[in-house]
Amino acid sequence: MSADSFLKDNFKKTIRTFINVVPIIVGMLLLTSLVITVFQKQITAGLFGNGDFLDTLLGASAGSIAVGHPLASYLLGGEMLSGGVSLIAVTALLVSWVTVGIAQLPAETLMLGGRFAVYRNIISFIAAIAIAFLTIYTLQFLGLV
Amino acid sequence: MPNTSTKKNYGGWIFLALTLITYALLGLLKPQAATQAFNLFTHVIAQILPVLGLVFLLLLAANLLLEPKRIKRYLGRGSGLKGWSIALSGGVLSIGSIYPWYAMLSELQKKGMRTELIAAFLYSRAIKLPLLPLMIHYFGAVYTLVLCLYLIVFAIINGILVEKLTKQSR
Numbered sequence: 004m005s006a007d008s009f010l011k012d013n014f015k016k017t018i019r020t021f022i023n024v025v026p027i028i029v030g031m032l033l034l035t036s037l038v039i040t041v042f043q044k045q046i047t048a049g050l051f052g053n054g055d056f057l058d059t060l061l062g063a064s065a066g067s068i069a070v071g072h073p074l075a076s077y078l079l080g081g082e083m084l085s086g087g088v089s090l091i092a093v094t095a096l097l098v099s100w101v102t103v104g105i106a107q108l109p110a111e112t113l114m115l116g117g118r119f120a121v122y123r124n125i126i127s128f129i130a131a132i133a134i135a136f137l138t139i140y141t142l143q144f145l146g147l148v
Numbered sequence: 491m492p493n494t495s496t497k498k499n500y501g502g503w504i505f506l507a508l509t510l511i512t513y514a515l516l517g518l519l520k521p522q523a524a525t526q527a528f529n530l531f532t533h534v535i536a537q538i539l540p541v542l543g544l545v546f547l548l549l550l551a552a553n554l555l556l557e558p559k560r561i562k563r564y565l566g567r568g569s570g571l572k573g574w575s576i577a578l579s580g581g582v583l584s585i586g587s588i589y590p591w592y593a594m595l596s597e598l599q600k601k602g603m604r605t606e607l608i609a610a611f612l613y614s615r616a617i618k619l620p621l622l623p624l625m626i627h628y629f630g631a632v633y634t635l636v637l638c639l640y641l642i643v644f645a646i647i648n649g650i651l652v653e654k655l656t657k658q659s660r
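Just so you know, the protein sequences line up as chains H and G, in that order. For reference, each letter of the first sequence is one residue, going 4 to 148 in our numbering. For reference, each letter of the second sequence is one residue, going 491 to 660 in our numbering.
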């Protein structure tokens, strides 16, 4: 394959990938805007706002069961922050979204083994909470939050 | 990049259509809330549009430089620090849906790839290189850097723990 056609092929492939991602981004932005607008009070004062540990646990749980492009977690997390949810809970959501996969558990079990999948997801869930605390404490130590 | 991620995928479009239907329903029931939500959407999309251009360029770079076959060649039965660094960087650089990567890792597992390296590879996928500009946009550069460093450290811890626990229960 010539360099020219290699570049062309990959450019086309990237456009196809991007086209697949665009409706997810737009849809997720629309949905988060809607959720933030309609459920603003519940998000800031209802579900969250019960102390760092419970909020982090809730964030990590939500991220673990969430299905969707990681981009969606950034958008949701950013909007949650604007809505007054703590950075520690948002961090737990971001990390568990991409490290814990309850929805993918059957596929992971089938391909990599049950014990592997279960242990990996449990450890990843605990790690998401640990990372959330460590990240925020580090930023606090650096005087950045 | 796994081929499956570039196949025609209508899931995103269906999701967008369902979201628009939800907006239409909300518009009928609570027109003010629907307008407010749409205004918030236009504000956010205007902010992230320039970042999406950068995301496209990074996706192109990943497509040009990476593919599962290439990563597979270097992961093999490798061990020691080299194995760890390949697993971690492979995970960071891997993009697209998780499922083709499960398949690739399953194949490598059968060929003797260490369990800890598989777990570390999967964990380090949490760092999404093409999406970093967007993460920086939302949460800041220092936050992103600190979080990524912890993700790398925990990818190693995760790998070691998964290996120990799966060995013990065998």
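Keep in mind that the hints were calculated from the coordinates and are not lab data. Computed from a prediction, not measured in an experiment: that's the story for all the values here. Don't take each hint at face value.
These stretches of chain G come out as covered by chain H in the derived footprint (C-beta under 8 Å, 3 or more residues) [stated by the list, open to error]:
{"hint": "1", "segment": "530-539"}
{"hint": "2", "segment": "631-639"}
{"hint": "3", "segment": "645-658"}
If you want a taste of the chain G side facing chain H, the calculated C-beta under 7 Å gives, among others [to be verified]:
{"hint": "4", "residue": "L506"}
{"hint": "5", "residue": "L549"}
{"hint": "6", "residue": "G573"}
{"hint": "7", "residue": "W574"}
A short, non-exhaustive set of chain G residues, derived as facing chain H with CB atoms under 8 Å [unchecked claim]:
{"hint": "8", "residue": "Y513"}
{"hint": "9", "residue": "P521"}
{"hint": "10", "residue": "A523"}
{"hint": "11", "residue": "S579"}
{"hint": "12", "residue": "Y592"}
{"hint": "13", "residue": "G602"}
{"hint": "14", "residue": "T605"}
{"hint": "15", "residue": "R615"}
Heads up, the beta-carbon is just placed ideally off N, CA and C, and yes, glycines get one too.
Okay, the hints, checked on the actual structure:
{"no.": "1", "hint": "530-539", "in the structure": "holds (count 5)"}
{"no.": "2", "hint": "631-639", "in the structure": "holds (count 4)"}
{"no.": "3", "hint": "645-658", "in the structure": "holds (count 6)"}
{"no.": "4", "hint": "L506", "in the structure": "4 Å, holds"}
{"no.": "5", "hint": "L549", "in the structure": "5 Å, holds"}
{"no.": "6", "hint": "G573", "in the structure": "17 Å, violated"}
{"no.": "7", "hint": "W574", "in the structure": "17 Å, violated"}
{"no.": "8", "hint": "Y513", "in the structure": "7 Å, holds"}
{"no.": "9", "hint": "P521", "in the structure": "12 Å, violated"}
{"no.": "10", "hint": "A523", "in the structure": "6 Å, holds"}
{"no.": "11", "hint": "S579", "in the structure": "17 Å, violated"}
{"no.": "12", "hint": "Y592", "in the structure": "4 Å, holds"}
{"no.": "13", "hint": "G602", "in the structure": "14 Å, violated"}
{"no.": "14", "hint": "T605", "in the structure": "6 Å, holds"}
{"no.": "15", "hint": "R615", "in the structure": "7 Å, holds"}
Consistency with the previously given hints fails for numbers 6, 7, 9, 11, 13, ordered from lowest to highest.
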